[in-house]
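Whenever a hint applies, use it, and build me the whole structure from the sequences.
Heads up, the sequence shown is in the numbering used here, so the first residue is 19 and it goes up one at a time.
Hints listed in this document are in silico derivations from the structure and should not be mistaken for laboratory results.
One or more hints might be untrue.
[As the list claims (entries may be wrong)] Derived DMTMM-like pairs (lysine to aspartate or glutamate); straight-line CA-CA distance at most 25 Å:
hint, residue 1, residue 2
1, 193, 175
2, 338, 298
3, 226, 205
4, 338, 316
5, 409, 548
6, 226, 240
[Claimed, not checked] Label pairs and their calculated CB-CB ranges:
hint, residue 1, residue 2, range
7, 258, 482, 29 to 35 Å
8, 246, 84, 24 to 30 Å
9, 529, 163, 31 to 37 Å
Being a predicted model, the structure only gives us computed values, none of them experimental.
Ideal Cβ positions, reconstructed from N, Cα and C, are used throughout, including at glycine.
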Amino acid sequence: MVFTWRAIKRTAAGFVLASGVAICGIGQGTAAADEPEWQHATAFNGTPKYGPDAQVFDYVNPQAPKGGSVRLAASGGFDTFNMLAQKGNIAPGILNIYESLMEPSLDEEDISAQYGLLADAVRFPDDYSWVEYRLNPQARWHDGVPVSAEDVVWSFEKAIELDPKRKFYFQNVEKTEIVDTHTIRFDFDVSGNRELPKIMGQLTILPKHWWKGTSAKGEPRDISRTTLEPPLGSGPYRIRDFSPNRQVIYERVEDYWGKDLPIRVGTHNFDEIRYISFLDFAVQFEAFKGDQYDFHVERSSSQWAKRYDFPAVRDGRVVKEIFPDRSSGVMQGFFLNLRREKFRDPEVRQALNYVYDFETTNEIVSANLLKRVNSYFAGTELASSGLPEGKELEILEEVRDQVPPEVFTEEFKNPVGGNPRNVRANLREAVTLLRKAGFELKDRKMIDPATGEQLSIEFLYSDKGSERTLLPYAKNLESIGIDPVLRLVDTSQFINRVRNRDFDTVVLAIGQSLSPGNEQREYWGSAAADNESSANYAGIKNPAIDHLIDKVIFAEDRETLIAATRALDRVLLWNHYVVPQFYSDETRTARWNRFGHPEKMPEYSTGFPEIWWYDEALAARTEAAR
19 MVFTWRAIKR TAAGFVLASG VAICGIGQGT AAADEPEWQH ATAFNGTPKY
69 GPDAQVFDYV NPQAPKGGSV RLAASGGFDT FNMLAQKGNI APGILNIYES
119 LMEPSLDEED ISAQYGLLAD AVRFPDDYSW VEYRLNPQAR WHDGVPVSAE
169 DVVWSFEKAI ELDPKRKFYF QNVEKTEIVD THTIRFDFDV SGNRELPKIM
219 GQLTILPKHW WKGTSAKGEP RDISRTTLEP PLGSGPYRIR DFSPNRQVIY
269 ERVEDYWGKD LPIRVGTHNF DEIRYISFLD FAVQFEAFKG DQYDFHVERS
319 SSQWAKRYDF PAVRDGRVVK EIFPDRSSGV MQGFFLNLRR EKFRDPEVRQ
369 ALNYVYDFET TNEIVSANLL KRVNSYFAGT ELASSGLPEG KELEILEEVR
419 DQVPPEVFTE EFKNPVGGNP RNVRANLREA VTLLRKAGFE LKDRKMIDPA
469 TGEQLSIEFL YSDKGSERTL LPYAKNLESI GIDPVLRLVD TSQFINRVRN
519 RDFDTVVLAI GQSLSPGNEQ REYWGSAAAD NESSANYAGI KNPAIDHLID
569 KVIFAEDRET LIAATRALDR VLLWNHYVVP QFYSDETRTA RWNRFGHPEK
619 MPEYSTGFPE IWWYDEALAA RTEAAR
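Set out below in structure tokens:
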């Protein structure tokens with residue numbers, strides 16, 4: 019995963035070595051007879067689509083015009099450009115100036131496929147116990163200084179020193195070594211983890227010489243502190259101008275060193291990318307309608323159904339377009355904080371699912387445009403279904419005495435509401451479960467006899483629009499004697515409270531790769547539960563889940579990976595850590611009609627803005643050309 023923690027990995031099929039790793043690009047370098055060959059690309063489960071002689075990828079327009087600008091919206095403000103400092107809010111779009119060793123394509127079923135960027139080749143042994151990356155000799159920082167192996171090692175060491183999340187993610191790196199000026203080696207403390215060589219290629223590389231130098235004021239720079247001095251990068255853009263908490267402008271680097279790489283041809287076509295910060299989603303949407311930014315991703319089904327009948331849409335100046343989302347799964351729901359005593363009984367957690375009436379909310383609020391989350395990998399082949407069998411059952415047998423018995427006897431299904439009869443039946447079942455957990459319903463209040471206090475649940479949120487789904491849920495909770503407290507806070511308070519685990523429940527979404535691996539420890543592993551910087555928001559500590567995560571990480575082939583992931587999914591579901599909400603398997607977008615995109619779009623991404631371009635003819639018709 020890349021370090022925004024929002025990126026998604028992929029997987030595919032093809033030539034596989036005896037060890038199970040799929041590689042290609044034979045002949046990309048020479049090696050001793052007993053050493054692995056250098057490769058131009060890697061993939062877990064097959065041959066990467068693009069060979070070493072590829073000049074351009076299929077999903078781009080290599081003749082795309084360069085020029086123009088695009089304005090994008092960002093949520094919240096920013097007060098630093100330092101992506102490693104554990105303080106402040108990082109500027110949106112900062113990765114436009116940086117690069118990693120390798121980068122995935124956008125159109126392969128195997129999303130684990132990676133191609134050379136700062137590194138032009140990679141190699142590792144059949145047991146995945148180490149990896150070496152060879153830097154492209156043409157790679158340059160914007161000041162002309164070559165990117166070196168020393169930059170890579172320093173970037174890694176600073177990342178794990180300053181960021182607990184990265185330290186946890188890269189915990190299996192035992193040793194780093196500068197082999198020569200252009201070659202870096204990472205040794206691992208385990209073998210058989212086929213993802214480890216790949217994730218090292220996703221490391222964002224920073225310029226050591228710049229961070230060890232002094233600013234224009236003669237002050238020493240400090241990588242551990244926030245800064246608003248525009249940093250040096252190696253990527254296709256640099257920071258041109260900014261206003262803290264308001265906007266940051268990136269300009270295209272005319273002499274960018276990597277513009278002719280196959281992974282770069284036809285990409286990064288805008289002369290300028292401008293990110294504008296908004297503190298309120300309602301204000302942000304009104305700004306879009308007023309042509310204050312160009313491209314909007316609509317995450318509210320209700321808004322998509324009801325709020326796009328404005329003049330610019332009717333006359334074609336704003337274009338609505340839906341892109342299928344095939345690249346990832348997701349678990350979105352009410353994450354329950356198991357650190358709170360009231361949520362430690364699984365029957366309490368299950369009861370809260372019976373109270374949630376997805377079907378009615380979906381019809382009234384979301385125009386039936388959403389689907390119920392029924393898996394931690396919803397919308398993918400990794401989602402469990404039916405009863406376990408075959409290899410999945412074999413894996414689950416290893417933890418049979420540590421998991422709910424329903425894992426083996428019942429298919430997990432969410433309660434179904436949608437009409438008064440179903441809702442009443444679900445609420446009765448919720449009361450029954452709460453009574454089994456020791457609560458009593460007295461005077462229309464759900465009471466804990468041990469304390470005499472009413473069961474209360476605080477819902478923490480930062481977007482007032484969330485109330486469209488929270489209010490119906492709160493009403494149902496009140497009907498069985500639970501006291502729901504809706505707590506609206508600003509974005510910074512929300513982030514801090516979630517980070518400090520100071521919440522009862524929050525609505526969160528964990529995006530999932532089609533090729534899950536080490537990040538599962540970060541999401542559900544016991545070691546991450548007490549780490550404030552981790553994504554184990556629920557505080558899960560379960561040895562059976564730890565065991566199944568290792569089964570996913572050390573899977574030797576795609577078949578085993580799918581079986582292990584479904585087993586993990588099934589056990590997570592039957593422990594009721596989350597009240598599942600909803601998801602959409604498409605990306606709904608609206609844009610001011612001044613941009614072009616390739617006729618054949620990539621299958622696993624909108625590619626915006628990387629592979630789009632500014633269309634002067636279209637822009638002229640919007641009467642707002644830039």
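Next on the checklist: Against the 25 Å threshold, does the CA-CA distance of residue 193 and residue 175 hold or violate the hint?
Outcome noted: Distance ~10 Å between residue 193 and residue 175 Cα, so the pair holds.
Item to check | Pair hint outcome, residue 409 versus residue 548 [Cα-Cα no greater than 25 Å] | outcome: Not satisfied, since the Cα-Cα distance of roughly 32 Å exceeds 25 Å.
Checklist entry - Between residue 529 and residue 163, does the beta-carbon spacing fit 31 to 37 Å? => result 36 Å, holds
Checklist entry - Does residue 205 lie within 25 Å of residue 226 when you go C-alpha to C-alpha? => result 22 Å, holds
Checklist entry - residue 338 and residue 316: Cα distance at most 25 Å? => result Judged against 25 Å, a Cα distance of about 10 Å means the pair holds.
Checklist entry - Given the hinted pair residue 338 and residue 298, is their alpha-carbon gap at most 25 Å? => result 22 Å, holds
Next on the checklist: Against the range 24 to 30 Å, how does the distance between the Cβ atoms of residue 246 and residue 84 compare: consistent or not?
Outcome noted: 29 Å, holds
Checklist entry - residue 226 and residue 240: Cα distance at most 25 Å? => result Holds, at roughly 11 Å.
Checklist entry - Cβ-Cβ distance between residue 258 and residue 482: within 29 to 35 Å? => result For residue 258 and residue 482 the Cβ distance comes to about 34 Å; the hint holds.
In terms of the numbered hints stated before, the structure departs from hint 5 and from no other.
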